[in-house]
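Participant: These are the residues of each chain, in order.
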Amino acid sequence: MVRKSYVLKHWQLYIMLILPLAYFFVFKYLPIYGVTIAFKDFNVFKGISASEWVGLEVFKDIFSQKSFYVALRNTFMLNGLDLVFGFPAPIILAICLNELRLQKFKKVAQTMLYLPHFISWVIIGGIVYQVFATNYGMINLLLEDLGIGPIPFLSEKNAWLATYTSVGIWQSVGWGSIIYLAAITGINKELYEAAEVDGASRLRRIWHITIPGIRTTIIVLFILKIGDMVDIGFDRPFIIGNVMVRDYSDVLSTYIYRIGLQSGQFSTATAVGLFQAVVGLVFILTANYVSKKTTDEGII
Amino acid sequence: MKALKRMGSLLFTVTLCFALIVGCSSNSTGTGNSNSGGSKSTTTPSSNQDSNKNESKERVKLRVEVFDRGNAPEGLTVTNNLMTEYVQKNFGDPNNIDIEYVAIPRSEEINSLNVQMAAGTAPDLIFTYNEGAAYSWAQQGGLTDLGPIIDEHGPNIKNYLADSLQYGVFEGTQYAVVARRVNLQKYSSLIRKDWLDQLQLPVPTTTEETYETLKAFKESNLGGQRTIPLSFALAPDSYEPVIWSFIKEQSDEARYLRSVTIGSREYPILMDGHKDALQFLNKLYNEGLLDQDFALDKDKKKKEENFVNGYTGLYMADTGTAFGGGENSVVMTLEGNVEGAEVVPVLPWTDFEGKNRQPAYNPSGMYIMVPSFSERAEEAVKYLNWMAQDEVIQYMAFGEEGLHHDLVNGYPVGNSSEEAQKLLFNSGDMLIITNGIDFGSPEKNNEYNALSVVEKHREIATISREYANKDAVSQPIKFEKPLDSEAKYSVVMLEKYEELLVKSIMAKPDSFDQTYEAALKDFMDTAGNEVIQERTAMYEAMK
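So the sequence lines, in the order shown, correspond to chains A and B. Note that our numbering has the first sequence beginning at 1, numbered continuously upward. Note that our numbering has the second sequence beginning at 1001, numbered continuously upward.
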């Protein structure tokens, strides 16, 4: 009786909740119906329901294609590189920025560092070509004048991987550091003062106060990142990649684009997307489980 | 006060619920019916639909695709400009039709058409140069059979296209109207005459001589530090002329069994000579004779830039593009940028017989189609029928005499005025029934083509075009119907082929064999074998 009157009393709140719920229902749950085309011989003109069921044929077809495995391997490889080099970068940057005494300089540096985040990948791609091209790229022209041979930043496997990773870091490091800076602000200042009085050096203070202070944030972001291991953005590999390194730049998202949109094989593209989602779910649950067991922190 | 608040919240709630119901119901019809059914109601106002069945005099709307190349003059768009007004006034209004143009980005053509076909929102009249896509829609039942409608409403179309209509027949059904293509020349080459003069070399006439000339260009660095003896991009206008000149097989059988069709081009991938061609390019690359960054230049922009800046010795491009654009043509720009620069046409590549074998277009242009879910097939055919009249073609191609063009020797020659630019900037994408204007005979067409070039280049432009005709072979060779596997793999094959090109050309000379074989195997495993199998089966059946 008491509960009922609570609902009745605040019915407006519940009504207001309908809108966001409806949003999720209409735009996130209803389209799941479309996943069925992964199990059908989808004919775009007959529609989803009239297309014939083919069971797991589409998946068999995908798993027999070499290019799918290449795309999958590259997705893991590029995401792995981002995890190893790209993930710690904003943490280090945030800690460095935090140690700056001159507030003005810190603000300016911060703004300049996160500006690249707002540049579209298409434009970054153009810049990368101008700067890194083998023959007429800025850096290689400079190296040539210095008597050092050209470095094939865009055409040789390892050099390209380095270019890809560092451009990614350049683009996202500033933006990524904001959340850590916010977490650092939340650390009690008295801890630093106490440590200083005890004679702890700056590195000691970072190691024993700052890092443990932002540990939760780091772990949550790490788990999310692990969950995204099979999920890779389309723009960056598509734009920074080129024919010479396609063996390494072709990832699941560009594969889906080519098969689905360019070749019109919607069933195959959907199946790859579904595969991606399932593997992503497994990854995120595993990471969460391991994290809960070892550090007691998790997101679910 | 409280009552007011109440009222307010009630009103808010009611609005919300209403919005929800509306949102949900329209969504459920969309998913409940087939895709095409749901969207039809959104594309054409329902009033039109209903009344049209009763009396055809009611005004209807015809949606027509138009390419958006991002080149519309300021203040105009491809969907609303002087030409669209002309069409509306001369075709739309008399027939009680509202014409709505739907912009499709040129470079995203197939992607966006695929999506719009799937969603049922594609325009009533669509077109593409991609035969594979056209065929795959036909196969899935996505296109209207235009045969009977053309019989009834398309006398001009039949008259104008005549035999070319057969190109649009897939398995006995007229699924597409295929535009005529007038100029069949594909590629032309130009060489820097002033460089040759400085080195006291003649214009090369064989592949061997060309190679020596390129080497001489490189040694004397006539274009400065950045000299690029041979222009090269990762585009057909760079690799096709070279590759075809190395092919030693010419029979139809070889073309059916040992080449594949990707898009609208024939790739002689298994023919005798293909590997030699790539080995030759590999040699040029390793000796620094062709653009070292060619693999990054897929849109040919860098290639053109290098040429107009005077870095390039031998320039290969699509026929006509070097002289097109009047005062702003590529060659004019070069002459403006580099003092003393002078070019002459050249046929640089010769085959094993000493001939200049090179590809040419088939006399067919874009595929014009009506999706099966369109209810305006009749109007679409009427539109094409209206367009296939001489005076309409004349206006859509050249505008009015005096205002948009001048008569020179009886030929309408664009005057590149602002007015002409405004009316005709996308003439080729509006006048879809023909690709190029036919003046009745090849000689006359050549005369016209010459007149459209600035006077001082007229002669070399004409020679250049004649060169492009020499020993030219129409491509691709066609089966009775397009192949399923080629339609399915066209994108994948092109990417794999580009990989093959790039890897073999950029390999170190001693690892060329290995690289070539591995890349070829990759191509064949991914799609090639399946395609060749289907081609063989179909060829056997055809014999």
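Calculated from the structure, these hints are not laboratory results. Don't take each hint at face value.
To be verified - For lysine-lysine, the following BS3-like pairs were computed, each having C-alpha atoms within a straight-line distance of at most 25 Å:
hint	chain 1	residue 1	chain 2	residue 2
1	B	K1481	A	K157
2	A	K60	B	K1521
3	A	K46	B	K1089
4	B	K1089	A	K66
5	B	K1218	B	K1248
6	A	K106	A	K189
7	A	K157	B	K1478
8	B	K1061	A	K66
9	A	K46	B	K1481
10	A	K225	A	K28
11	B	K1508	B	K1298
12	B	K1089	A	K157
13	B	K1283	A	K60
As the list claims (entries may be wrong) - Simulated coverage check for chain A against chain B, where a stretch passes if three residues somewhere in it have a Cβ under 8 Å from a Cβ of chain B:
hint	region
14	55-61
15	131-140
16	166-176
17	239-251
What the hints assert, rightly or not - The calculated label-pair distances, taken between Cβ atoms and stated as ranges, are:
hint	chain 1	residue 1	chain 2	residue 2	range
18	B	E1305	A	R101	54 to 60 Å
19	A	M138	B	E1455	39 to 45 Å
20	B	N1080	A	A159	46 to 52 Å
21	B	E1540	A	D247	34 to 40 Å
22	A	I211	B	Q1514	49 to 55 Å
23	A	A159	B	V1338	49 to 55 Å
24	B	P1148	A	P20	33 to 39 Å
25	B	G1075	A	R101	20 to 26 Å
Here a beta-carbon is modelled for each residue, glycine too, at the ideal position from N, C-alpha and C.
Participant: So which of those numbered hints doesn't the model satisfy?
Facilitator: 1, 3, 4, 5, 7, 8, 12, 13, 14, 16, 18, 23, 24, 25
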